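So the sequences go chain by chain: A and B.
Its first residue numbered 1182, the first sequence is counted upward by one per residue in this note's numbering.
Its first residue numbered 7, the second sequence is counted upward by one per residue in this note's numbering.
In short, the hints are calculated from the structure, not lab data.
It should be emphasised that the depicted structure is a prediction, and the values quoted were computed from it without experimental measurement.
The C-beta atom is built at its ideal place from N, Cα and C for all residues, glycine as well.
Please note that the accuracy of each hint is not assured.
Simulated restraints, written as ranges between beta carbons of each label pair [said to hold, decoys possible]:
(1) B:L38 with A:E1250: 39 to 45 Å
(2) A:Q1278 with B:K59: 35 to 41 Å
(3) A:E1211 with B:G40: 51 to 57 Å
(4) B:N8 with A:P1209: 50 to 56 Å
(5) A:E1211 with B:N8: 48 to 54 Å
(6) B:S55 with A:K1220: 18 to 24 Å
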Amino acid sequence: MNEKIKLLIVDDSLIIRQAIEKNLNDFPLEVVGTAGDGKSALELFRKTEPDVVTLDITMPELDGIAVLEQMMKINKDAKVMVITALKDKATGLRAIQLGAKSFIIKPFTSEKLKSAFSRMLEKN
Amino acid sequence: MNETDLHFFIDSTVNYFEEVTSESAVTGIPYLKGKEPVVLDYSGIIGISGKRKGCVYITTTRDMLEELANIILGNQDAAVETVKDLTGEIANTISGNVREAYGSSFMISVPVVVEGRAKDIRLPEHVQAFVIPITWKDFKSFLVVCLE
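Isolated chain A (complex conformation) (with noise of 0.2 Å):
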């Protein structure tokens, strides 16, 4: 069976989430939705079911630390993937605390999230 990874996409910024969507091109996704703000992530994640997530934390509404953490609570296994230029330790190690399955710093360059993305969809 061929059956596509379901991915969703959040990021306020519509430049970054259309980069993470032409970049994950080569691997067997369907985008099942994309959100610019918390809130509405969080309200298409409930929707669509997504295996895997790619998540900003500096958003409007809802930020992705909070996003995270109710992710976990409705679907534990769900792969969470955050993005963020929020460089600092505190904030990669509360993400990965929280369930996050992989943590890379903006910028990113193409290589860098294929990487990422392809080590975090190998872990069980």
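Since chain A is already given, all that's left is putting chain B on it; use the hints.
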């Protein structure tokens, strides 16, 4: 603000262009902002709160944003909304990356993007603002840092 603060922002700016485009940006000597407006086609503004207070903004030209957007997305025709959005994302990334130096008590807002050169960007009146000139390829931009 002191020289060390400025270096954090300069390093973050240089790193942004290097990572995204593989082509370094060159920063000029920072200077104190006077009453003259420092505003180009699009400006991305970030409010800073927590231990440090103030704001950071990058102001740049449409030409530079189009060139950068084309590199990021690999196409020739970035839409106006995309170009505008990119201004905010650059400001967000430069400001977010300096948390490596300041820690998580350096809190950044979501970006606000202002279009047009008509007016200056309003900054806190009692705080000195520094202007860091940036040249990437042949494009000029300015990063303005105004922190208590």
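Hints, one by one, checked against the model:
At roughly 43 Å, the beta-carbon separation of L38 (chain B) and E1250 (chain A) lies within the given 39 to 45 Å, and the hint holds. A beta carbon spacing of about 29 Å between Q1278 (chain A) and K59 (chain B) contradicts the range 35 to 41 Å that was offered as a hint. Remark: the range hint 51 to 57 Å for E1211 (chain A) to G40 (chain B) is upheld by a beta-carbon distance near 54 Å. Taking 50 to 56 Å as the suggested C-beta distance range, the pair N8 (chain B) and P1209 (chain A) conforms, at roughly 51 Å.
Distance hint check: the CB atoms of E1211 (chain A) and N8 (chain B) are about 51 Å apart, consistent with the given range 48 to 54 Å. Between S55 (chain B) and K1220 (chain A), the C-beta spacing of about 22 Å keeps the proposed range 18 to 24 Å intact.
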